[in-house]
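As they're listed, the protein sequences go chains S and B. According to the numbering used here, the first sequence holds residues 1 to 551 in order. According to the numbering used here, the second sequence holds residues 552 to 1102 in order.
Some hints here could point you the wrong way.
[To be verified] Simulated pairs of lysine to aspartate or glutamate, EDC-like, Cα-Cα distance not exceeding 20 Å:
#1 S/Lys253 with B/Glu890
#2 B/Lys646 with S/Asp93
#3 S/Lys423 with B/Glu649
#4 S/Lys433 with S/Glu415
#5 B/Lys974 with S/Asp93
Note that these hints are calculated values from the structure, not bench results.
2 protein chains.
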Amino acid sequence: MTVFTVAADRPLVLVGPPGAGKSRVAPEVGRRFGRPVVETDERVESKAKRPIHGIIPELGESRFRAMEAEALAEALRAGEGAVVATGGGAVCDPKAWELLRASGALTALLQAPLDVMAARVFPVRSTRPHLADARTEEELLGRLSHLMAEREPWYGRCDIEIDATGRPEQVASRVASAASSALASSVPVRLGERSYVFWLSDNLGELGERLARRISPVGAALRCALIADETVARHHGDAAESSLRSAGFEVLKVTFPPGERSKSLASASEIIDRLLGAGAYRPQRGSVVVALGGGVTGDLAGFVASTLFRGCPLVQVPTTLLAMIDASVGGKTAVNHPEGKNLVGAFHQPVLVQASLDTLKTLDERAYRAGFGEVVKYGLLDPEWRLLDLVERDSDALLAREPAALRRVIRRCVEMKAAVVEKDPEEREGPRKALNLGHTFGQALEAATGYERWLHGEAVGLGLIAAARVGAALGLAPKSLEQRVCSVLGRLGLPVDVSLLMHESVLRLLGVDKKVAGDAVEFVVPVAGGGTKMASLPVFELQSHLLSSCR
Amino acid sequence: MTVFTVAADRPLVLVGPPGAGKSRVAPEVGRRFGRPVVETDERVESKAKRPIHGIIPELGESRFRAMEAEALAEALRAGEGAVVATGGGAVCDPKAWELLRASGALTALLQAPLDVMAARVFPVRSTRPHLADARTEEELLGRLSHLMAEREPWYGRCDIEIDATGRPEQVASRVASAASSALASSVPVRLGERSYVFWLSDNLGELGERLARRISPVGAALRCALIADETVARHHGDAAESSLRSAGFEVLKVTFPPGERSKSLASASEIIDRLLGAGAYRPQRGSVVVALGGGVTGDLAGFVASTLFRGCPLVQVPTTLLAMIDASVGGKTAVNHPEGKNLVGAFHQPVLVQASLDTLKTLDERAYRAGFGEVVKYGLLDPEWRLLDLVERDSDALLAREPAALRRVIRRCVEMKAAVVEKDPEEREGPRKALNLGHTFGQALEAATGYERWLHGEAVGLGLIAAARVGAALGLAPKSLEQRVCSVLGRLGLPVDVSLLMHESVLRLLGVDKKVAGDAVEFVVPVAGGGTKMASLPVFELQSHLLSSCR
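Next comes chain S alone, as it looks inside the complex:
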């Protein structure tokens, strides 16, 4: 038997109607993943000191549901990525979904054809709430059908759906295989009631269904404002729109001219005008804003979502490598101001991030490669520089945009970003500052050259070389690190000439950088063994470290 791996702390929760076989399948799944198994019904029985079917008649439905909720909360808290078999009604409640989302659980809906489930339940119907008095299998089938219809808005939220016909071992194999692939394609960002999941798919076709699972469009179709720049809209607009429409959303597409210049309060205002002037399909409170594109679009459309109707649900659909691994997660939205970049904005966490590898195919070579500036940054943040090793090993595959290599790298970057964001969602304390590695010089270089000469990732790459050199000069990183960073960036086609940073205009701009405290520059340096330290250095000292060659 294959042993599957599951991220240690993500619970795997089996959901489904009576007769789907959750409690028989759960131990089999637990065995395959090598994880503990919790059955919420058992916990409820031990709390209530009576069998499940005795609880509702004797203690009432609301007591039963409260005990079920408590049992679910405990099972999710168990914290070892338990496989949890839930009672059929345990997830039919908004609070339960808040718990599930906050725990980062992967939810699997088990269901078989109604007659199969009815046949399974009929002999044991006396032990099931609400089904005990069905006299014939046909009557039971009717009940189950009604139950399924009633619970559809809740069951429909599950991450994956599993055909539950056949023997428990067969079903468990299906669960294990689907869950493994879903776990490998997703990273939860656990922020309490603002939790969400980053999903990585092969193509944009999954967007609509994934969003429908997150925000069930109830009754009338929910409205979506799909915001993209003209270039991205040309390449991917139709795919995104049709995916959303087939999942039941009404879509209003709004495009804007590509480029950093569109990241302004004026553009945001224009987009808002177009959304609010859009007649019958104009968004309302509760409508969703979908940001389809790179960092500019995520920031701009995110800002629109944060201010429209005092906050609309936002979906980030990053289409560049850079946006996938960095900007799409974390809730930063912003527009630029003549006085500086990103000075106007808000923290507004998305409800879903849906990245698709196929969108990377249309990126031009330079823009694609620039993304590796941030990838190498995460490589330096990763304990033992494991991600750096991986990038070095896979550099050819990455340059060839091979999906398997990209998946590994993107997933690891997002895991790290998520971990930082979970610790410091609004950048109040230290943790999130580590992500500025390479950015002090990188942003100064971008500013000094009017944001036209260098792409962000290229500038960050150069900033990383500078940071490695300063780290070595301060005795925090090995002297060989600079050469290693240069070499991997070079192999990925990024500029590596650190003397580009030594222009007076760049150094002068460090003085107006927002990371300044007093006269010293707060500088993030990489340290041996992975990770960073904050160093507070006077500008002249930074400069002299940088001038001294330490190779």
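Following the hints, complete the assembly by docking chain B onto the known chain S.
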């Protein structure tokens, strides 16, 4: 002995250095307020199973501080407005202040001249952490002085300061009297880490100090952007500015033309331009935005604060009755859009609301009276219509702007607003909708008349009459309620002719109101005994209820 009253669930926390007499004073204060007394040191001793002075040497300082934090959390949770005597170092920690704020505690700093405290502690120094080895009273005095300096940033956050010289009973009397008056002048809004307090003072002079207590300006002076319309700036700008300056803030004043037209994305953008272009004094991340004015200013400056640097701390200084009792609390910020009011905005809770009765003196009569539209709304929301009784009883005093009458009414309205906001901070569920009582028709009337004919409070007043009539027609409110509402509004100088609402343009506008669901209007109606119910009514039915006279 006078028995003072204290809001049942606000803890009163005594803070101060060793020798301030906290544990001797606490029981006396508890007796005066009729409240239980908790001493955190005692709880720590029982947890640690050893005396306080034995804990640090034996278990280490960090274990001691952790136990202290736990004891403080328990004392605050006790939930009966306990009088809590804290260990001297228990509040010297950001987490402790988060707890204190989230609990709505009133904090009182007890301190006496250093020599007085040293003389008190010397004989028992062996029982105090860090002081046991002081050989002379002078040495102890030196230690205490150092301790006080070190703890100043923490002690300086306390709401009130009490002279702790004299016998415990004398000190307790001072605490009881200052605490009673502070409790009567403030309402906590408990929103976890976003908690804040509404303070009501006699004049604006308290603003600076109150803000300094909330956000201690450390090291370099903290920057304040003081935003007001030209009229309010003329009346109160200097008072606010000099109060802020004398508390150590650097102030940058920005004004804009008065009136609803300034509540636009264009004005917000202009204010942002002026703040960011302001040279050495321009706000930075962490700078405070102070909104000095009525509802327009609170919404506009609040919106600026919510977007500048992805969110700046915001202080609401409401200068109108309407803004004091309603808009200043709850975190709604917004600008208007040609397609509708308040369509663009964000939820951004203030860190402090500081209202001053003296600002009401400069309001013109009509604007002042309009505030009572919202006051009467709260009157209908209050259980048993107690606030309505109070307003009826005090109407002459209120018209004469008498401080005592105003204090009672403002305080009660804010308490009710705070209770609703605490339950539903971002208007996701039902509770906050109750605050829309009177607003469905009120806002339609304002819109139908281009926001020029009627002030908001006047329109709401008319909406309340309509709501009372519909409530009676649905059998939810007594038939006499409409007459009662008319009569109190009339006495307060507000329009009461409900036929003003019967224009076609008003009724048509109900169809585009944001509270619409399907074809029916979601309508808030007052119910007998106080409070509201939601009724979903087709527009024509609303109209026919309104046409039928039910007097």
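The hints, checked one at a time:
1. S/Lys253 with B/Glu890: Holds: S/Lys253 and B/Glu890 sit about 19 Å apart, inside 20 Å.
2. B/Lys646 with S/Asp93: 33 Å, violated
3. S/Lys423 with B/Glu649: Answer holds: S/Lys423 to B/Glu649 is near 17 Å, not above 20 Å.
4. S/Lys433 with S/Glu415: 16 Å, holds
5. B/Lys974 with S/Asp93: 19 Å, holds
Hint compliance for this structure: hint 2 is the single one not met.
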